[in-house]
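Join the two chains into one complex using the hints; note that each chain is given alone, in its own frame.
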Amino acid sequence: MRTRTPGPVLPLDRVVSHTLSNGLRVRLLEERSAPTVSYYTFFQAGSRNERLGLTGISHLFEHMMFNGSSRYGPKEFDRVLEARGGTSNAYTSNDLTAYHDDAASDALQTIVDLESDRMRSLALTPETLEQERQVVKEERRLRTDNSIFGLMEEQLEALIFLSHPYRWPVIGWMEDIERITREDCLEYFRTYYAPGNAALYLVGDLDARGTLELVERHYGEIPAGPRPPPVATGEPPQRGERRAAIRFPAQAPALLVGWRAPEARSPDAPALDVLQTCLAVGESSRLRRRLVEEDEVAVSVSASYGWRIDAGVFLVFAEVAPGAKLRKVERGLEEEIARVAEEGVPAAELRRAQRLLRSSVLHELSTHNGVAHALGQAEALLGDWREAGRSLSQYEAVTARDVRRVAASWLDPTRRSVVVLEPEGAK
Amino acid sequence: MSDRIALPPVREERLENGLELVLARREGVPLCAVRLLVRAGSALDPDGRHGLAHLVSQSARRGTARRSGREVDEEVEGLGAELGAGADEDASYVGLSAPSEFLPQLLDVVADVAANPVFPAAELSRIRRREVAGLAHLLDEPGAVADRAAVAAVFGDHPYGHPVDGRARHLSACSRADVTGFHRRWFGPGNATLVIVGDLDLEAARALARRKLGRWRSAAAPAPELPPVAEPAREVLLVDRPDASQTQVRVAVPAFPRASPEYFPAVVANAVFGGGFTSRLMEAVRVNRGLSYGVRSRFAASRAGGFFYVSSFTRNETAAELVDVLLSESARFREGGPSEEELLRTQNYLCGLYPLALETHDQVADKLAEIKLYGVGEEEVTGYRERVRAVTAADCQAVARRHFPVERGVIVAVGPAKLLRKPLARFGPVRLLPAKSLV
Chain F
4 MRTRTPGPVL PLDRVVSHTL SNGLRVRLLE ERSAPTVSYY TFFQAGSRNE
54 RLGLTGISHL FEHMMFNGSS RYGPKEFDRV LEARGGTSNA YTSNDLTAYH
104 DDAASDALQT IVDLESDRMR SLALTPETLE QERQVVKEER RLRTDNSIFG
154 LMEEQLEALI FLSHPYRWPV IGWMEDIERI TREDCLEYFR TYYAPGNAAL
204 YLVGDLDARG TLELVERHYG EIPAGPRPPP VATGEPPQRG ERRAAIRFPA
254 QAPALLVGWR APEARSPDAP ALDVLQTCLA VGESSRLRRR LVEEDEVAVS
304 VSASYGWRID AGVFLVFAEV APGAKLRKVE RGLEEEIARV AEEGVPAAEL
354 RRAQRLLRSS VLHELSTHNG VAHALGQAEA LLGDWREAGR SLSQYEAVTA
404 RDVRRVAASW LDPTRRSVVV LEPEGAK
Chain E
2 MSDRIALPPV REERLENGLE LVLARREGVP LCAVRLLVRA GSALDPDGRH
52 GLAHLVSQSA RRGTARRSGR EVDEEVEGLG AELGAGADED ASYVGLSAPS
102 EFLPQLLDVV ADVAANPVFP AAELSRIRRR EVAGLAHLLD EPGAVADRAA
152 VAAVFGDHPY GHPVDGRARH LSACSRADVT GFHRRWFGPG NATLVIVGDL
202 DLEAARALAR RKLGRWRSAA APAPELPPVA EPAREVLLVD RPDASQTQVR
252 VAVPAFPRAS PEYFPAVVAN AVFGGGFTSR LMEAVRVNRG LSYGVRSRFA
302 ASRAGGFFYV SSFTRNETAA ELVDVLLSES ARFREGGPSE EELLRTQNYL
352 CGLYPLALET HDQVADKLAE IKLYGVGEEE VTGYRERVRA VTAADCQAVA
402 RRHFPVERGV IVAVGPAKLL RKPLARFGPV RLLPAKSLV
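For the protein sequence lines, the chains are F and E, in the order given. Position 98, counted from 1, in the first sequence is what the numbering used here calls 101; the numbers after and before it change by one each time, with no gaps. Position 203, counted from 1, in the second sequence is what the numbering used here calls 204; the numbers after and before it change by one each time, with no gaps.
This is chain E alone, in the form it adopts within the complex (with noise of 0.2 Å):
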C-alpha cells in the first residue's frame, strides 16, 4: 500500500473578481459535486438575531432576479439534483450533485441563487415561519436537545455558543432588511470559493464557472476575527424530560480551532479514546457494562476555537454510573495514553480507511471545501498517513491531558430532573434548564 493519499489532479485559480475556483476532474458515475462556500456562517449572526445566517441560505433559494423560488425548484429536480444550502458556524453553502450532462444548467441556477437573491417578502416570511415551526419538533428530540444544550454550555457568549438554526425569538425578529443586509454585507465573490469535482472536461468546467460568476460583484467585506473561547465552570446542566425511559448524556470541554497543530495528535488520540467500535470508552460503557448502545467522543474543530466531546444515553437509574464511567476513563487515558497496540492499531485503521472518506465526488469535493475553509492544505490529505503514523503515545496524552474532561467540563443530561438531580449532584453544581430556552 502506497503511503501518499492521491487526489485528483485540482486545478485552481482566482478570478478577476475575487471568486477562488477549484476544479478536480475524476473517474467514476456520471456525476459532479458542485460547492459553492462563503466565508461567512452564524458566527455573524447579530445579537438578538441568532439563526440569521441560516435564515439568509435557506430563503435565498426562494427567488432571485431572474427566477421565483418554485422555478429554481423545479429547473433543479427536473434535471435530477437536489438543491442544498445551509450554513454553519463559519460559513454558508449551495451545492448539489449534478447529472454531468446537466452541469451548465444546473451551475447557472446554483449562481443564481448565491449572487441575485431578492427575498420575496412572502417566501421570506413562510421560511421563517416554517424555521420556528421545526425548532418545535426538534424538542421532541433528546439527542438533539442534548446536543444543542452542550454547544450553549461550553462557548456561552461566543459566537459558537448559539445554534446556527437560532431561536424562534430571534427568528420571528429577523427582518427582511436584516436579511438582504447580511446578504449584501457578507455575499460576494471575494469571500467564495467554487468547488466542481467528477466527471468534467476541466477545460470547460473552467469557461462555464467563469462564465456564470465571472460577473459577480459585490462589496462585500471579509468576515473579522474571532474572540478566543473563554473556559466555562463545572457544572450539571439538566433538562427535564419527566416521562423519558432514558437519559442523553453529553460531556463537552472547548478545544483549538481546526487549523491547529494539535489536529493530528488529536485524531489520533479520540480515535484510541472513543472513535471506533473498540475504543477505551466502547469497551467500558458498552461491552464491559452493558450501561448503553453507543458511545463516542469527537473534537469538532472550527476556525476561531473547537470543543471536545462525549456523547451516550442510558437509562435513567444508570446515568450516574454512565458519567462515572466518563470520566474516570478520560482521567485514566490522561495518566497513561494509549498502550503501543492500541496505538498501532489505532494508527492502522486510520490509514486503511483513509481512502473511503474520499470515494466519491461529493467526499472529495466537501474535502476540497474544507481545506480551503480552515486554510490547512493538501498537504494534509494526501500526507495523511505520514502525519497519522508520526503521533506518538507521548503526543496522545499531551492532547488528553490539555483537552479531556476530568475536573474541566460541562456534563448535560436530558431525563426526568427528579430522578437525575440527586445522583448528578456529586459531579458539580446542577442548573435546571428549560428545554424551551434552547430554542
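Looking at chain F on its own, in the form it has when it is part of the complex (with noise of 0.2 Å):
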C-alpha cells in the first residue's frame, strides 16, 4: 500500500548542527509538516550528579526553573508562552534534565527569549523555594509513598546499586526535600546549568540558519561556567541474589525483578531491548503468554531495560492474580528466562520483535516533539545526537544469537535483586 518510496524517517543530513563559544550546543532540524515548533533544552545533570544529604535536588531544582528569572517574574515563563500558543514542561532524570517548549511556529522568538533568560539569570527567592518544597513532597507522596510500584521500584534501586549514585530515588528521599537550601540550589545552578552543560534541539517549522542566529544572539553573551565535578560511579560486582520484602496494603501480592544491565553506549544494548520486547510486549509475549495466559497466576506484567549513562537496569514486574502464589509468578519468569538463555529466540519470533520496535521508532519520530527529544536523548546518553537515526539499523542487525547470548549474561539468576511485596491489612 506504500505510494512513495519513503526517505529516511530522521533526515540527519539536514540537521544543522553549531556550538557556541561558550560551549552551548545547538542541534536545528526544519520540518514544515504541521506550523509548531519544539524547543528542547538537555542538561547533563540528574541524580546521578547529586550526594547523600542532597538528594532530590536535581529534580526540586526542575521545579524552581518555572520560578522566574531576570526579566520575566515567578509565573510569567507559562503564561508569556500560553499567550504566544505555546506550551512547557520537564522532567528530571538518574542522568538528565530536560525542558521542552511546544508551540505554534511564530511564537519561537518568545520561546528563545524566555529560555536563554532563565539560563542567564534565574531568580531563586526563598519564598519560590518554599512553595516548591511542599509541591515536591506532594508529588514524592503520589508517585511513591502511596505507589505500590513506586515503592517497590525505589527498594529495587537501593538493592541494585550500593555505591552508585544510581542508588537513590530521582526525586529524593523525603527527609533530603527538607534539607536543601536556597544556597545549595545557586551552588547547583552554577554549576549544572551553565552553557557548557546544556544543548538545544528546535525541530519543525522554523528557518533554521535564521534560527541559530537568534540563538546566538540571546545565548552567545552567557558566560561558560565551570566544568561539573566528575561523579563517582564505582559499584562492586554483586555476588548472589539479594531480596527485599515490602509491607503494604494491597489486595495482592507483586513481584519486581532486577539485573544490573550495561550502559546505553553498550554494543550489547539493542539485543536487550529486543529481549525485552519478546519477553513482555504484546500478547504473545513469553512471559504474558506464560503468566497470564497460560498459568493464570498474574494479572498483568511487563518489562524494562531502561537506557543510562551508567548501568541500566533491566526489570520485569508482575501483579499477581489474587489467590495466585507469588513463588509460582517467580518460578515461572525463572524458567522463561532461563529458556531464552539457552536455546535463544526462533527466527519468526526475533522478527516479530524488530518490527514491534520499528513500529514504536516510527511512532515516537512522528512528531516534532518525538524527533527533538530523540536528538537530545541520544546526545545526552550516547554522546552523539546522530545516534537518533541508526535504531532502526541496529535493531536490525541483532541476531538470534545476539538474543541468547544477552539473556544468558545480563539476567543471571545468581545476580538478580528481587523486591515483594506483601499485603497487609487490606480490607
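A few of these clues could be false.
In silico DSBU-like pairs for lysine-lysine, Cα to Cα no more than 30 Å straight-line [stated by the list, open to error]: (1) E:Lys437 / E:Lys419; (2) E:Lys437 / F:Lys328; (3) E:Lys368 / E:Lys213; (4) E:Lys423 / E:Lys437; (5) E:Lys437 / F:Lys331.
Here are a few chain F residues that face chain E, going by a calculated C-beta distance under 10 Å [as the list claims (entries may be wrong)]: (6) Pro38; (7) Pro77; (8) Lys78; (9) Asp81; (10) Asp109; (11) Val139; (12) Glu141; (13) Ala301; (14) Arg361; (15) Ser362; (16) Ser369; (17) Thr370.
Label pairs and their calculated CB-CB ranges [stated by the list, open to error]: (18) E:Ala7 / F:Pro233: 47 to 53 Å; (19) E:Leu203 / F:Asp16: 27 to 33 Å; (20) E:Glu408 / F:Glu130: 32 to 38 Å; (21) E:Ala260 / F:Glu399: 46 to 52 Å.
Think of the hints as simulated: they come from the structure by calculation, not from any bench. Think of the CB as a built atom: it goes at the ideal place given N, C-alpha and C, for glycine as much as any other residue.
Rendered as C-alpha cells:
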C-alpha cells in the first residue's frame, strides 16, 4: 500500500549542528509538516550528579526553573508562553534534566527569549523555594509513598546499586527534600546549568540558519561556567541474589525483579531491547503468555530496560492474581528467562520483535517533539545526536544468537535482585 | 498563521451493507492508523451485567471463525502491530497502527475480529477471570478509586453510572449467551464506522475495505436513545484508606452531551479555570498554597450527557482546605468570569497548540472517529480557531453558572476516614462508601 519510496525517517543530513563559544550545543532541524516547533533544552545533570544529603535537588531544581528570572517574574514563564500559543514542561531522570516547549511556530522568538533568560539569570527566592518544596513533597507522596510500584522500584534500585548514585530515587529521600537550602540551589545552578553543560534541540516549522543566529544573539553572552565535577560511578560486583520485602496494604502480592544491565552505549543495548520485546511486549510475548494466559498466576506483566549513562536496569514487574502464589510467578519467570538463555528465540520471534520495535521508533519520530527528544536523548546518553537515526538499523542487525547471549550474560539468576510486595491488612 | 485548520482530504462513503467508510491520506511516517468503531458501549450493558460490552470487546479477539486467539495475536504482532480493543460508554473499538506495507493483512484481522468472533468458552472464562482479578488490583490505586466513585455518584442509576470495565460480581455473572447475544444484537455494519488514516493509496484502500468488510451482514439494531441525566444531591462520599498519607479529591457535577452548543464556550472556560499550568486552580492550589502537585478540571461529554469534574490530591491534613479552595474558586469564576487578559491568553494557547492534537496518523484517525460518533462535523476541526475566538467572557461565565460546582455536585475523598470525616462534614452530608462496592 505504500505510495512512494520513503526517505529516511530521521533526515540526519539536514540537521544543522553548531557549538557556541560558551560551549552551548545547538541542533536544528527544519520540518514543515505541522505549523509548530518543539524546543528542548537538555542539561547533563540528574540524580546521578547528586550526593547523599542532597538527593532530589536535581528534580526540585527543575521546579525552580519555572519561578522567575531577571526579565520575567514568578509565574510569568508559562503565562507569556501560553499567550503566544505554547506550552512547556520538564522532566528529571537519573542522568539528565530536559525542558521542552511546544508552540505555534510564530512563538519561536518568545521561546528563545524566555529560555535564554532563565539560563542566564534564574531568580531563586526563599518564598518560591518553600512553595516548590511542598509541591515536590506532595509529588513524592503521590508517586512513591502511596504507590505500590513506586515503593517497590525505589527499593529495587537501592538493592541493585550499593555505591553508585543510581541507588537513590530521582525525586530524592523525603528528609533530603526538606533539607535542601537556597544556597545549595544556587551552587547547583552555577555548576550544572551553565551553557557548557547544556544542549538545545529545535525541530519544526523554522528556518534553521535564521534561528541559529537568533539563538546566538540570545545565548552567546552567557558565561561559560565551570566544568562539573566527575561522578563517582564505582560499583562492586554483585555476588549472589539480593532480596527485599515491602509490607503495604494491598489486594494481592506483586513481584519486581531486576538485574544490573549495561550502559546505553554498550553494543549489547539493542539486543536487550529486543529481548525485552520478546519477553513482555504484546499478547504473544513469552511472559504474558506464560504467566497471564497459561498459568493465570499474574494479572499483568511488563519488562523494561532503561537506557542510562552508566549501568542500566533490566526489570520485570508482575501483579500477582488474587489467590495465586507469588512463588509460582517467580518460578515461571525464572524458567522463561532460563529458556531464552539456553535456547535463544526462533527466527519468527526475532522478526516479530524487530518489527514491533520499528513501529515504536516510527511512532516516536512522528512528531516534532518526538524527534527533538530523540536527538537530545541520543546525545545525552550515547554521546552523539546522530545515534538517534541509527536505532532502526541497530535493531535490524540483532541476531538470535545476540538475544540468547544477552539473556545468559545479563539476566543471570545468581545476580538478580528481587522485591516482593507482601499485602497487609487490606480490606 | 492561517486560521483554518487543514485536515487531509477525507474520502467518505457508505457501503451497501451500511458500513461507513472514512479514509484519509497523509504524509508522514509509513504507518496507517486503523479504527473500527461500533456504536454500542457500556451504556447498553443490561442490569446485573455491568461490564458486558467491555467483556465482548476483550474476548472477541480470542477466536474467530478463521483464527484462534493465539493466531490473531501472532499474526498482528508478527507484522509489527498491536491490536487494541475496548469499549467506552457509547461505542466499542478495534484498532491498530499498521506498517503501511502490511495494511491488507492487518485489516483482514480487524474485520475478522469485529464481524466473526466465536467466543470460545474456555477463552471467555479465562478473560472473565483475568478482568475480575484486574479489578482487585485497581483497588490499590487511590486515583482510580476516586474516579470510579465520582462517575458513580454523578450518574447514579443512569446507564453512564456504572464503570465501563464492570464489577466483579456482574462480570462473573455474564454467560457466554450474554456475550454472543450482545454481539449479535449490536455489532453490525449499520452501526459501524471504519477509519483509516496514513500513508496509503486512497483507491487501493477503498477497494481493500470493500473486500474485507463489504460482505459483512448482520441484523444488528441501532442503539436506543438514552434518558437525560438526573441531578444528584450534594453529598460527601468517603472511601476509607486508613494507611494513606495523601487524600485523593474529586468534585463532580452533571453537564452537557458532546454535540452541544455549549461545547466551545466550555472548552475555553475550562482552560482558564483548570486546564493548563497557568489556570486559576493551578495558581490557587499549587502556586499560592503549595497544597498539591497537580490540579485540573475537565468537561467529559458523551452522547447522552456529560459531567464536569475537578481532580486533585493533598496530604490528609489539608484535604478540607483543598475542597474549600476548589469550591470557592468555582464560585469566584461564576461571579466574575475570566478577565480579558485570561481570555485572550487562553484563546491564543488553545489555537496555537491545536495542530499538536492532529500531528500523528493516530490522532487524526481518533478525531475523525470522534466526529462520526458524535455527529459533530468536520467544521468543528477546520473552524476550531474561529469558534474558540468567538467565545466571550460572558459565554464563559454562563457556562460556569450552569455547570461549576458551588452548591451543587458531589465531593469524593479517598483517604483515612478517621481523619477526614469531621473536617469534610461542613461541605455536605458524609456517606462512607466501601471501596469494594466500586468494583
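### Violations among the numbered hints, reported as their numbers in ascending order
none
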